[in-house]
Structures are given as C-alpha cells and as structure tokens.
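Protein chains in written order, with my numbering: chain A, 1 to 307; chain B, 308 to 420; chain C, 421 to 970; chain D, 971 to 1185.
Hint data in this document are derived by calculation from the structure and do not stem from the laboratory.
Hints may be right or wrong, so weigh each one.
[What the hints assert, rightly or not] Far from chain B, by Cβ distances over 10 Å, these chain C residues were calculated: (1) N488; (2) V494; (3) S496; (4) V755; (5) P847; (6) F946.
[As the list claims (entries may be wrong)] Covered, in the sense of this in silico footprint (three residues per stretch, anywhere, with C-beta under 8 Å from a C-beta of chain B), are these stretches of chain C: (7) 723 to 731; (8) 740 to 749.
Being a predicted model, the structure only gives us computed values, none of them experimental.
We treat Cβ as the ideally placed atom computed from N, Cα and C, and that holds for glycine.
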Amino acid sequence: MNLLPGQASSVAPEVDYLLLFLTGLSLFFMALIFLPLAFFAFKYRRGANADRTPPRVTEWKLEVTWTVIPLFLMMGIFTWGASVYFNIERPPADAIEINVVGKQWMWKVQHQEGVREINEIHVPVGRTVRLVMTSQDVIHSLFIPAFRIKQDVVPGKYTTEWFNATKPGNYHLFCSQFCGTDHARMIGRVIVLGESAYESWLASNSSGGTLAVAGAKLFTELGCSGCHGENSKVRAPPLEGVYGKPVPLDGGAFQIADDKYIRDCILQENHVHVAGYEPVMPTFKGHVSEEELMDLIAYIKSLGGGK
Amino acid sequence: MILPTRFYIKVCAALFALLALTWGLAYVDLGSLNLGIAMGISIAKAVLIMLFFMHVRDSGRLVQLVACAGFFWLLILLGLAMSDYQSRGWVPTRRPDLSQSHPASKGEVPRGL
Amino acid sequence: MNAVELAPPAPVPLVEEPENYLSVSHTVASWLLTTDHKRIGILYLYSILFFFVIASFAAATMRLELLNPQGGLVLSETYNKLFTIHGVLMVWFFLIPSIPAVLGNFIIPMMIGARDVAFPKLNLMSWYIFIGGGLFALYSIVSGGVDTGWTFYTPFSSTYSNTHVIAMAAGVFVAGFSTIITGLNFIVTIHKMRAPGMTWFRLPLFIWSLYSTSVIMVLATPVLAITLALLSLERFWGIGIFDPKLGGDPVLFQHLFWFYSHPAVYIMILPGMGVISEIIPCFARKKIFGYHFVAFSSVAIAVLGFLVWGHHMFVSSQSVYAGLIFSLLSFIVSVPSAIKVFNWTATLYKGSISFDTPMLYAFGFIGLFTIGGLTGLFLACLGADVHLHDTYFVVAHFHYIMVGGMVMAFMGGLHYWWPKITGRMYPELMGRLAALITFIGFNFTFFPQFLLGYLGMPRRYHTYPPEFQIFHVLSTAGASILGVGYALPVIYFLYSLRNGKRAGANPWNATGLEWQTPSPPPKDNFARVPVVKREPYDYSPFEKERTQNV
Amino acid sequence: MSEKSAAVAHQFETIEQQREAATLGMWVFLATEVLFFGGLFMGYTYTRWSYPYTFEQASHHLDATIGGINTAVLLLSSLMMALAVKSAQLGKRKPLVTYLLLTALLGMVFLGFKALEYHEDYVDHIVPGIRGFNFEGGSPRHAELFFWIYFAMTGLHAIHVTAGIIVITVMAVLAWRRSFSSEHFMSVEVTGLYWHFVDIVWVFLFPLLYLAGHR
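With the rest of the complex left out, here is chain A:
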C-alpha cells in the first residue's frame, strides 16, 4: 500500500517529486512548530521552577525572519509548481487525437480511425495522446490518477488533456467534478497496450470508416453540401483548406477556424459575419449531436488546412 498510485505517464514522476517535496516541507514546518510548542508547554508548565525573567529579544528581528524565509520558500515552490503545470497544460506537437464526449454519467470515446468506445480508452504505450473533450450537458472532469492529470470537461467548448503512457496496464479513470446522481458511477479504464497489440486492437475494432468518412456522409445528409459543396448556387465560404487558417470577418477582425469556431458556426445562428458573405447560415442546434459535430470537424479537417 504505497503513498501514491503507480507512475504510468511521462509527467507522473515530475508531479510525484513535487508532492513528496511538499510533504517533506510540511513535516519540517510541523516539527518546527510542534517541538518548541511541546518543549515550552513542558518546561514552563505552571508550578515548574524555570527561569522566567522576561526575554529581551527584539521582536521585529524574529518576525522579519519568519516572514521573509517562508516567503522565499513559497516563491520557490510556486515556480517549481508552475513549471510542472506548464508541462501538464501544453501538449507536444505530434499526438494521437482522441475525441471524448462526457455525458451524464458515461464517457463516449471516438478514435480518429472511427473506433468508438464507452468508458474505456485504448491507447498505445510510449505515444503522446491528446484528448479533445467536450460535454453534452453539465461540467464533468476527466481524472486519471495514475497519469496525474485532470481537466474539466466543460459544455460549449473543447478542453484538451494530454498524456504519454509509459507502462502498459489498466488504470482508473474517474469523473472528478460533481455532475449529478451517478457521478460516482461515471468511471472507466484507460487500457495501455503495446504498440503491436494496439494496432491489432484497432484493426479488429474499426468496422465503420474513419471519423472523416462519417463526417462526409453527415455533410451531405444534413445539407451542408447544398451551400458549401463545389457546384452550389448559394454563395457560401469554401471549406477546403479553411481549418486552422484565419478567417477574415466583416469589420476587419479575423479569427482562427479552430474546433470551437466551426462548432459555434454550426450551432449558433449567424455567430459571426464572414467578410464578403451574407450571415444566412441556419442554426443546426438540436439536429446534430456532439459526436456528429466531432465527425463533421474531422471531415472539415480532412479537407486540408492545418492538419
């Protein structure tokens, strides 16, 4: 029964050193206060004869020492903690992207290759994996203790979390932000497989096409191709190569066409006014689910642009 869950991701050792240092520091400060406390309580207990002539120590000297020293210690811990936090928050460039949709009391996982899972994430060992997450209803939070990572899954926006699993095995996956009745049952497993085992698992499970293929099918079904298709009569911004590039807006500003931008354009009626086009795009709120949104985004990504 050790103090911390096993280290199974690249950031885990960094976090553990920080945690163990903080524990040590706390034990030191507890000793620094409890030992004198106990000693004084014993030595100067009423009735015990001890030299009680009032001490002539200059107060402010002592006060300054135990203000300045803790302050410097704090700044040290702050910087160390901040650097670890920066590593946890900023994903390396080349990462496998897995979409996760939090729904009241289950996790729906979609791999780019089209494999869909519930409450389980299969990942290869030694590869960087980036989870692009959103929620269908309330705020959840994807917490994998063995990887020492946690990130709230907020409805209405995409939050990301990354890890690089270092040891194959099964690890707990919890929802750590209270989300309702079965918050305690919204748990799952992260299954880290070897490279080859992961490939064969992918092959055996990917029945339907990739997300982009599913997205393309949706693109025509929902009627997007009516305006955004090649031979459409309606003037609508072309989507080829738009993903990740700045889109000029009416009024001079411009904005990156990232996941959230595409999602807002689909869901909110004339969310933005693209330069040179009429804001006539209808809202698809209620017609398209979170998973389908992710398929559409994967399709638009596949049309070229910032892959």
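Once you have looked at the hints, place chains B, C and D on chain A.
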C-alpha cells in the same frame, strides 16, 4: 460645514454638462475609445456627486476610505476575472504551430470593448 | 429546552444578587424582542446548535454509507442530498455565524467598554433574518433536498438538477444579509464606540480579528447574494448567462461564486484565530509575542483573501496565466497565517502555562490549523493541484481548517467565556476529557482522507473502488469518536447551567474589560464607562504569582 | 451617567458619536450595495467582452432619449436632496419638507419614464423570454442575453429607487411632524447618502447600457 446653495446649483450644472458631453460623444464613432471616454465621464460625475452632494470632501478620512473601498473591491473582481478571460488564448494549448499566427483564438474578437 | 427555563430560580441568596442581563426578566417576549447584544448572542447560540445537529446527522450518515465500496445504505440521490445539506448548513448556518454572531455579539461591546453594539435593533433584525434564511433552507430540505453540493455549480444547478435549488438559494441569500448586518454592526461599533483610552493598539486581538472578519463579511457577501439571485433567475427563466447553450459561461458562475467563497473561508477562520490570541496569553500568563504583527496579519488576511479565489479553478478551463497569478497570490496569503502560528508558539516561551480546557483547545487549534495550512500549500501549488483537486485531499484540507481550526477555537472560546456568559463554571475534568477525545477523534477521521487524496479518490463519491476501503473504515471509526467528543460539551454545559460552581467576575484572572464586570454581567455591562490606561494582555500585576512558582 | 439629551440612544455617549456612527453605518452599507450591483456589472462585462458586435446592435435598440432624460431627472433629484439635507442642517423645517417631496416626486417621474420605456420595449418585441422576442442584426440569442442583463440591472435599480422614494416620503412626514432639529437630523442625512448612491449607479448604467459603442 454648510455649502451655499449657489454652490450646489453650480455642481448640478456641471453634472448636466457632463451628461450632455456623454450624450454628444455617443454619436461620434471613436471605436474602442467610446467606452473609455464614457466611463471617464461617468467616474467624473460620480466623484462630483460623492465629494459635494455626499459631503465626502469634508467628512473624516475613515468615511473617505470606506467610500473608495466598495469601488476598489469591485475593480478586484472585474480585473482578476477578466484577466482569466483575456489570457485564455495566449498559451497554445492547441498545436503550437496553429496559434502562432493569431493570438485570440476564441469566439468573436473583442473589437469595440 | 426553551429559552425561558435558562435562568435558574436562584436559591434565596444570602446577599441580594445584583440584577444581571439574565435575571432582569424571564418572559419569552424579553428574549424574542431583546436588543441586548448578550441575549442576541445566546439566541444565535441555540439557533446554530440546532443547524449543527442536523448537519452532523447528515455527516454521520455519509460516513456510514462510505463504510463499504458499494455503498448501499442510501441511494445515490440521497447521498448527494446529504453532502449538500452537510455543506450548506455547516458553512452558512453554523460556521460563519458561530464565533462572530455568538461570541462576537456577546463579548465585543464588553471588550471595548461599550454598553451595546452601535445598532441594537439592527442586531436583532439580523437574528430574525438568519432564522428566516434557516426556514427557507429547512423548507428546501424537508420538501426533497438539493443535490448540487454547497457550491451550486452551473449548468447542473441551473438546468439539469430537478431538486429544490431555488428554495435553498433563497435561504442562503437571506442568511447572507444577516451576515452583512452583523459585519456592518461590528465595524461601526469598533470604530465609534470604544471606551476612552482604548486606542487601536490597546484593543484585544479578538477585536482585531473580528474587525477584519467584518470587513470580509461586508465586502464579500453581497457578491454571493447577487450570484445566487442570478442562479435563480437562470433556473427560473433560463436567461442563459451561465448556460453555454444560450451563450453564457459556467466558468463565470465559478468566478462569481469563489470571489465570495474564498473570503468566506477566511470569515470562518479569522474569528477562531482571534479567540486563540485571547486564550494563549491568559493561560500562559504572558503578553502575546508580536502584538502588532498578529494584529496586522489579521487585516492582511482580510485584504489578500480577496485576490486568491482562482486556486479553486486551476483545472476548470481557466487560462494558464490566470492560474499563475492566482497561485502566486495564494502562496502570499499563507504568510500572515504562518506569522500568527509562530507568534502563538513564541508567546509560550517563559510563560506559566496551565492546561485548562480552553488551553487544550488552543493547543489543538495550533496543531490542526498548522496541518490544515500546510496542506493548503499543496493545493495552491499548480503542479500538485492538478492531481489533488476535487479529491479527498481537498476534503481533508478544509476539514482540518474548519473543524480542526474553527470548531476547536469556538469550543475553546465557549469554555473560556462560559463563566462570564452564565456565571457558572463548567466541570473542568469533563472539559479536558472532551477536548482530548475531540482531538483524537478528529485526527482519526480526517488524516486517512489525506492518503485517499494522494491515491486519487474523487470527492462526492458514494461508491468507490475497493482499494480505498481501509481508509474509509478508519475515517468512519474516527468520526464516531469525534461525535462523542462533540456530544460531551453539550451535556456538561447544560448540566453546569443549573448546578455548575458559581464563577466569580474573573475566574481565569485574565486581563480585558469583559472580565471587569460581574458574571453574568448587568444589562448595561458597565456601571461607569471604564477608562483604559494599560495595553492589552499586561499580566505583570500577576507577576508575583508567576515568578514565585506558587 | 453623563446627562444626555433625550435624542441620544442609550448606547451612545454624545449626539456627535451617534451621528458619526449613523453616517459610517450607511457608508459601509453603500459599499455592500456597490458590490451587490458589482455582480451584475461582472455579468455585463463578460457578455459584452464575449459578444461586442451583437451587444452594440442590441444597445442601439434602446431609446437613449428617455435614458438621457431619466439621467437628468435623477441628477436634479440629487440636487433637491442635497438642498434638503442642507435645510435640515439649518433646522428650517418648511424648505426641508418641500425639498424632500420634490426629490420623491422626481423619483416618481423617473419611474414613470422607466415604465414608459419598458412598455415601449414590450411593444418593440425586445423583452426577452416573453412572446415573440425577435431581433435582427447580430445573433438573436446573444441579443436576448443583453436584454436580460439590461432588465436585471435597470430592474434592480428601479427597486432601489422605489425603496428610496418610500423612505424619503417617510422622512418628509417626520419632518412635517417636527421630529427633526438642527442637531438631530441624521436620518435625513443618511437617506440623502442612500439617494445619491442610487443616482451614482444610474450614472454608470446609462452609458453602459444605452450608449454602448457609437449610435
């Protein structure tokens, strides 16, 4: 310390002038400056009212402190909360190459805040 | 046990007992319409005891539920309602009013040599508003409870929860105004009604810490009121300011909520520090070490406490740079608390320490508050908080501060001023026993939860993976000991009302104006308005008693 | 016990101490009110920061002339209140009562204009959440958000104005019944502080809500 009635009327006239100024300036397109100026004028009006109508000028330092405390704490709330919203796009949580070209990568770009 | 029977039918005294605030009249109306700050303090004492009992039952049921990994004692909905009741009642209806409204109302006017608080009628109104808020909360609990947690996070609380959120929000909204009025009353009283000669640096530290608490109460609680009003509007009309589907942002609610709730945790702990700064000099028979530093650290906590709320939101999609700012400020706000603890320890040097019950509670406070404060550093540190946020580590941290710190100090203060409030002494040996049991029970309950937090068990789970069970069994065992530790004082306090030893005006030989009145004090506290010439905690006149080692 | 005039409450020593306590108490209360409105200003700041374009379009739907006139009405009522407090200081009963009634009257004029404006918005279909809210220019959902904040802020302010009018009329009645003297007039002064504060809130609301961006 009782101020002459004429003085109160002069202060009220100044307030009316500032109101007219705010009104007038609203019809001039100064882009993002509009808000700054409108707030400046409102602060001026508020200070005028507090100093003379609410006698803050000739009441003790304690009352003056309390008078400013409310507004100062409001600034803490607005300032620190907006520091979160404003700085959301800065750290490239997405692919680093993507966000180099343009810092703000969230909803509408705050043009005329 | 209604209030009237409180005043015992005194046996025929040999000498005519001077009329005090209890014996001046015994009618129910004299209690319910009193403007005497002492009686309002006692009214608050019984009201918060009532809410404490309900919230403790909720906690006991939760601890039993967590005994085995599958839960099964209660349904998951009921468990969620239990921890919400426990949270809301403990925070707003017990902890926040405990020391300010009970001990503060009773002791502040006497400590500064005034006849009453600045606005006595407003003071009574604040109690009625508190009871009004309590009724709203009780209605919400009785008619089905709330399952959002005391934090009311949207969009769950505004759109997805189908429980009585608006009724509970209304209860807290109303109780918030009671806190604002108490804070306003104390600020004006301490500024304007000090006895002649009572300069700011002759004020006891209890007054300094309650002044700082009142500043927080006055400046933070209105934001809670407007936030809960917006939440109710959102839930009732769907205005959409917190609902992402309608253009709002749930993180905006978290900003507004924590802007109040972090200063609120300082509202809860600062008065406790004030009580400890009173108890330690008295039972060590020695002036407090670094009076000015301890006084100004209270004010520093009050001001800096408003800048740090973001450390509750490090993983809530708050921007990384805002996380840096809040983490830095959170580390800075811990320094004044460290200064206080060092000064209390230094006060004991060369003192003449006696281990009466209040002093035992003070030692307990220093021990547990230090652990609570240090674990706070874990949560302020960005790297560690990602792993520890929303786990049992956080639960253990704030229980060490609130229960280990605040409730210990409240018990210490209650024992310390009990002779002054009721004119009777509590049974000393029973008091020491209860303090010991509480200390042991507390550590037994909450230390295992730190380990649970390390291992990553999330908060608010009623079923959990089996490997965490050993810690929960330990914690529940500890909770039963803690329960005994809290039940004992209630018993012997009530016992002491009738046949406790009669306490003189100053049973502890303490300095301070409140000890220069007979106990229980007359209605107007002081026959003549006292003039203060010496600085506080001046135990030199008791010098001979200290040095002869009698 | 030093002999004290009947006017001083039992817990105070001198009338001066009571007056300072009352003024300080009201100022602390005003600080809480600043933060009470502050929550709404935070909501306003976030929504305007997120949707500046739609915000300005929606703000142009409001009738700025009525807003402007209302601001003038409140400024004038502040002047009346200041003169009322002055005449209370001088112990002149008749002008005190007239100024107080004038202030209350102007307050009612303000509420009248407000009601007129709300009706105009109702007819104009820009009252959110009620029958056919329709809005062109910018996304309708964000505009509805603006109007919710507009009605929350001006509604809360109107409640404070109404409370102010009631208290001022009570003061006028008390003044008419000669219960104030030149050294015991703190309740008039405290009411004045409250009224000026309500005016200051409107001074900020008017440009933020009616004149967002340029018209």
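Given as non-interface: S496 of chain C, partner chain B, CB spacing beyond 10 Å: 33 Å, holds
- prompt: Hey, does P847 of chain C actually stay past 10 Å from chain B on C-beta?
  reply: 46 Å, holds
query: Should the label of F946 of chain C as a non-interface residue stand, given a Cβ cut-off of 10 Å to chain B?
result: The assertion about F946 of chain C holds, with a minimum of 25 Å to chain B.
Verdict on chain B covering the stretch 723 to 731 of chain C, criterion of 3 CB contacts below 8 Å: Contact hint for the stretch 723 to 731 of chain C vs chain B: holds, 4 residues under 8 Å.
query: Within the assertion that chain B covers the stretch 740 to 749 of chain C, do at least three residues meet a Cβ-to-Cβ distance smaller than 8 Å?
result: holds (count 5)
- prompt: Looking at V755 of chain C again, its CB stays over 10 Å from all of chain B?
  reply: 19 Å, holds
- request: Would you assess whether V494 of chain C, listed as outside the interface, keeps its beta-carbon beyond 10 Å of every beta-carbon in chain B?
  value: 38 Å, holds
task: Examine each Cβ of chain B, and state whether all of them lie more than 10 Å from the Cβ of N488 of chain C.
output: 40 Å, holds
Of the numbered hints given earlier, the model fails none.
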